[in-house]
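Protein chains: 4
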Amino acid sequence: MSGNTFGALFRITTWGESHGRAVGVVVDGCPAGLALAAEDIQKDLDRRRPGQSKASTQRKEEDRVEILSGVFEGRTTGTPISLAVWNRDANSSAYDALRDRPRPGHADYAYQMKYAIRDHRGGGRASARETVGRVAAGAIARKLLAQEGIDIAGYVAELGGIAAEVIPSGMDELRERVESNPVRCPDIVAAQKMLELLDQVRSEGDSLGGLVVLSATGVPAGLGEPVFDKLDADLAKALMSLGAVKAVEIGAGFESARLRGSSMNDPLVLEGGKVKFESNNAGGILGGISTGAAIVCRIAVKPTPSIAKPQKTLDLKSGEAAEIEIRGRHDPAIPPRIVPVAEAMMALVLADHLLRNRAARVDGKISCR
Amino acid sequence: MSGNTFGALFRITTWGESHGRAVGVVVDGCPAGLALAAEDIQKDLDRRRPGQSKASTQRKEEDRVEILSGVFEGRTTGTPISLAVWNRDANSSAYDALRDRPRPGHADYAYQMKYAIRDHRGGGRASARETVGRVAAGAIARKLLAQEGIDIAGYVAELGGIAAEVIPSGMDELRERVESNPVRCPDIVAAQKMLELLDQVRSEGDSLGGLVVLSATGVPAGLGEPVFDKLDADLAKALMSLGAVKAVEIGAGFESARLRGSSMNDPLVLEGGKVKFESNNAGGILGGISTGAAIVCRIAVKPTPSIAKPQKTLDLKSGEAAEIEIRGRHDPAIPPRIVPVAEAMMALVLADHLLRNRAARVDGKISCR
Amino acid sequence: MSGNTFGALFRITTWGESHGRAVGVVVDGCPAGLALAAEDIQKDLDRRRPGQSKASTQRKEEDRVEILSGVFEGRTTGTPISLAVWNRDANSSAYDALRDRPRPGHADYAYQMKYAIRDHRGGGRASARETVGRVAAGAIARKLLAQEGIDIAGYVAELGGIAAEVIPSGMDELRERVESNPVRCPDIVAAQKMLELLDQVRSEGDSLGGLVVLSATGVPAGLGEPVFDKLDADLAKALMSLGAVKAVEIGAGFESARLRGSSMNDPLVLEGGKVKFESNNAGGILGGISTGAAIVCRIAVKPTPSIAKPQKTLDLKSGEAAEIEIRGRHDPAIPPRIVPVAEAMMALVLADHLLRNRAARVDGKISCR
Amino acid sequence: MSGNTFGALFRITTWGESHGRAVGVVVDGCPAGLALAAEDIQKDLDRRRPGQSKASTQRKEEDRVEILSGVFEGRTTGTPISLAVWNRDANSSAYDALRDRPRPGHADYAYQMKYAIRDHRGGGRASARETVGRVAAGAIARKLLAQEGIDIAGYVAELGGIAAEVIPSGMDELRERVESNPVRCPDIVAAQKMLELLDQVRSEGDSLGGLVVLSATGVPAGLGEPVFDKLDADLAKALMSLGAVKAVEIGAGFESARLRGSSMNDPLVLEGGKVKFESNNAGGILGGISTGAAIVCRIAVKPTPSIAKPQKTLDLKSGEAAEIEIRGRHDPAIPPRIVPVAEAMMALVLADHLLRNRAARVDGKISCR
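Chains as they are written, first to last, in our numbering: chain S, 1 to 369; chain U, 1001 to 1369; chain G, 2001 to 2369; chain L, 3001 to 3369.
Hints in this document: simulated from the structure, not taken from any laboratory. Every residue gets a Cβ at the ideal spot worked out from N, C-alpha and C, and that includes glycine. Be careful, since some hints might not be right.
Unchecked claim - Pair by pair, the computed Cβ-Cβ distance ranges are: (1) Ser-2318(G) x Gly-3364(L): 27 to 35 Å; (2) Lys-3309(L) x Glu-2176(G): 41 to 49 Å; (3) Ala-2097(G) x Ser-3279(L): 37 to 45 Å; (4) Gly-2273(G) x Asp-96(S): 49 to 57 Å; (5) Ser-1093(U) x Glu-3062(L): 54 to 62 Å; (6) Ser-1279(U) x Ala-94(S): 22 to 30 Å; (7) Asp-2363(G) x Glu-3320(L): 48 to 56 Å; (8) Asp-2363(G) x Pro-1168(U): 32 to 40 Å; (9) Pro-267(S) x Glu-1196(U): 23 to 31 Å; (10) Ala-2163(G) x Lys-3309(L): 31 to 39 Å; (11) Glu-1271(U) x Ala-97(S): 38 to 46 Å; (12) Ala-97(S) x Ser-1279(U): 55 to 63 Å.
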């Protein structure tokens, strides 16, 4: 147990169940002196909130964050920052029928086997609502990273097999396009097709998976602590800890299995007196340490497990085969909503390693990009 | 810093550079009373040792492990188990030319930027030789897992684009086939083609990547500590912490991005009074907790970065562009040798979670499969 | 940073400032299945609450705990238990004058030097109010320990030089006597003298220190993880982490420096077929592991630093010498109120080690007493 | 389990049994660029080595340290530093008689109860020989601290009730006096009396305890991570983790229980434009954070448990009462030899907190003294 804490120096502990009193997070290790207001956090929470569009669930939640500690006169004090969001719009009765019938593709059965008890309402701790704490904490990490010139952005690169093709290279333009449509796909033409497919799939009582790309620019060379707490290893853990993620790639990822060394290796070159890489198959990380190039990850997101179609399961009480149809407010696709959550996880990893890297050298210096 | 420890309860700390005095590992947290002899460890070390075939480097190393502590009269005592393997066959002069010229695709540049100093000989700490400690510790984890009926096996599923097609379903048969050929591919026909391609690529001074599949059977339901130390998250970190790995999949992995929910979800069914899953797209893990089904991971391994072809780099001293050709003993492909290393990482994660799960319930019981 | 988490498996993270919105704690790693209600926690919180008597401050706080997560239908679920207590009766204006004038014996100056910012109101994070989270979490630990037959009790053994002489040997009688008077001294005659001295010292604008003894019975042999996470080492850390504690003893403690080995060593004897120790100078711990004898600790508590007498300090703004007199609601002695807090810390250490010990042997057995 | 690692950023893992192959330590997290040679470490190891005088055991050991990794061309590289010392002069047969008869005051019984197996030879893991790893690692920490102007020194303040009275105030003079006599007492007259008492006690087959004082100068304000990883809390843990230590004081320690607040509080004053404390009852730490004043700790060391006098114990095999007399090479008093070990523990804590403090502020600045 005690698996609800993430990070070594910039460390978060999340808590809360979907239909409990509240969800929240304690951020311990945010350096003192960072300007921070509730709006900084609310902004990212609003991006993850459901009910904004046809692409996401219809549950209405205000999700107003409260800062309960750690901030004084608009600045962090170096003490733990406790954040809470109250649960309001929970209708638990819909889950009564599922109490003894584990939903396929969900954590129900595994939790029951592990703990012999679980809060089944709304998926309990295994609900996507748990990510509220991650996003809230991630927003603080982003502010810290912004001070160092580090920027993070993510987007839906593929949904139900429809791939984005036109991707803006600038972070600001990327962000603008991504937030311009409910599937968070920067390729507007592809986004339209995704929306149409989503409508169709929803009407069939089914769901879609997809791919999300994340990148971080401005990351200085030197972040990452080999040989286990490598930057890519920690990113992989952070992203794979999201319920719907089934695969994580860094840089060329799976494609690298089919490349020759002569194509895979990124040549080092000088540009205006600075070291650059001619390509970025490494995804900005070599030997588990950032190189100064953009950090690029890709994650595979499985289709929403809650579907209206009938599914085979069993009844834990009677011990007999059973069938369920899952009704209620469920995203027919997770990728659009996972974008801010995955960005938050990336921010948390980078903020943690930014601080850890301060101990790398006797003189306290850190590498320049 | 301090990133050289892995695991929470079954915890290892590795140390050593490629051309230093020795490499080794301290295993802290192995329960008392486990029968353990040097041969148990040597067996796995021999599998990772280079110089066994054309598919691997020609460096000759004995790699005899010494148990320096923690074992008394053939059993572990609950105190730290210190293991060391001496470095003998190191020829450092070949690396003189590379001291100031970072090899593309290698950790050289990143280490230099982080620490402002590095042992460049043989890649130093970033050498694959570092995995000796992982494999040695993993062998102990395997013994612990075997007591619980947990078995782990891996194989090369694809090399240079050539895919294995015939995969035995039994673990023993799988293992036998895998060890029957130098590319560790259970499909003998594909293995032959891989070997031919390897020969050709080596003669071109280039290298190949590939895919490795890992599975664990007999894992009881209940392992994994949500929401961050999920079993899949820790596996992803463990495997991504290997130098050449650029992607990690659990179960259906990337394929899941293109499935509908109705195909992705694994139905629960009863077989002989026991709960089973009709399919295993989840890869044996839901909500970050093992379900009792086989754990299945796949990793993408990049082509060996050390290639004989000329490559662009720069000279850190002069600050000017430079070219290098890397000579010496280098595997033209990493996947065959990474198999025992990746198995070791999987074993370490499972052993750690096996112990962690003992604290899951007040009564101290753990779930039955 | 990130020093606000305590414990390895039974792990707590506290948060909150004296005059902030609330104080609280997240308990991660409490095993699933433990019966738990708010009253279980409230009971201990009421014991630490000020305003109950002349021996403690007059601040009136309800200190009602809310369980925000981790409990379902009256039992813990294995997920994080989030507890919060709202701050109500805070009067911050009294602290305006102290903002730039660090109080001698307080953390003000040290916090300012470390973080360059601090919430000065009511001592901020360094306030004794921070211990609300410890006590709340400790109450859960106690329930877990009670299931194993482990009982903890503490008392004031000395106050302002007045020593308790008659100490009941039974835990229940001890507890009853301790709670019968406001100084929590089991010797009623000594308690009366302590109260008189307290009155006198308060009227002089001064304060008193004292000694607190803690004992735990029913602790099985085997708890403690050498060589660093020894049971006595973790107890020492836990108790020394309380603001007013300046010394920690285990068993004979300082007295042992003046004993000969032949008097210090506790002989092992058989009583009714069971192993017992003829004396308990070890305080129930040898080699950092519990022996089955009662665990006994003693702590020295310094006099309350907030006193009405004029004290020398400096003004951080003007950089000049200054004088302060501290007005307001302050305990003239901390020992009576620290008793439940120190008990909580002891409970947290024992609960953590109880769970850690489950991983000590391959067979999962733990030692019997 | 896994209790053999200490520290968060400057982190050590020790291993080894008294009569096993070797003892050693892995230091992970030492910043890169520190000048380090084997002699730096050997110097401190020589101070802890037995066999130097009548005040310590007659076992002859060379205790030559080998640096196996982490140092390149005379400087640390930021990778783990592995250190080993081989065991040579072990005579295990003397311990055969003790295998089933736990020695009173020793860890024998507790280890057996916890692990159900133990290496009984020479006390196994619970031997004082385990501290070789601590001292070796501590020597590296000291070098790191020296770069920041931090100096540590300890001495025997009392032995068998004989107290040192004349203590030099300068660190260098203190050290010189301490090393001038085998009991490590800076008061030469008292030292002579201690030696005489030691002789007498040894001839009686008995042993003595004592008090050791430790101080650190040059520590900047700001070290320590409230509310649990306070500097005093971590020091208490570090020192209490030494086998013979039964009490730890910070500053005025136990004396503070008898002081009034008006005497205990250290007034802040200005001296030459700098903030100073008029007294140092706090021992250099307030609220768990260093203040810039000297850090002062005192520990109580119990008498050596191995004594020649007959003692009552039991036979674990027969389950019957038994008697033992412990023969062999045993210090009649531990305090003189514990001085360098306790200094090492203090150095490890300070080095760790020095690095942790680098993450305290957004701007990366740390407080000036």
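Each hint tested on the structure:
1. Ser-2318(G) x Gly-3364(L): 27 to 35 Å: Since the Cβ atoms of Ser-2318(G) and Gly-3364(L) sit about 28 Å apart, the hinted range of 27 to 35 Å holds.
2. Lys-3309(L) x Glu-2176(G): 41 to 49 Å: Given a distance of about 42 Å, which is inside 41 to 49 Å, the answer is holds.
3. Ala-2097(G) x Ser-3279(L): 37 to 45 Å: Given a distance of about 24 Å, which is not inside 37 to 45 Å, the answer is violated.
4. Gly-2273(G) x Asp-96(S): 49 to 57 Å: holds, 54 Å
5. Ser-1093(U) x Glu-3062(L): 54 to 62 Å: violated, 33 Å
6. Ser-1279(U) x Ala-94(S): 22 to 30 Å: holds, 27 Å
7. Asp-2363(G) x Glu-3320(L): 48 to 56 Å: Once the Cβ atoms are compared, 27 Å apart, the range 48 to 56 Å for Glu-3320(L) and Asp-2363(G) is violated.
8. Asp-2363(G) x Pro-1168(U): 32 to 40 Å: 33 Å Cβ-Cβ, so the 32 to 40 Å window holds.
9. Pro-267(S) x Glu-1196(U): 23 to 31 Å: With Cβ atoms ~29 Å apart, the hint holds.
10. Ala-2163(G) x Lys-3309(L): 31 to 39 Å: Since Ala-2163(G) and Lys-3309(L) have Cβ atoms about 32 Å apart, the given range 31 to 39 Å holds.
11. Glu-1271(U) x Ala-97(S): 38 to 46 Å: Given a distance of about 24 Å, which is not inside 38 to 46 Å, the answer is violated.
12. Ala-97(S) x Ser-1279(U): 55 to 63 Å: Since the Cβ atoms of Ala-97(S) and Ser-1279(U) sit about 24 Å apart, the hinted range of 55 to 63 Å is violated.
In summary, the numbered hints that this structure violates are 3, 5, 7, 11 and 12.
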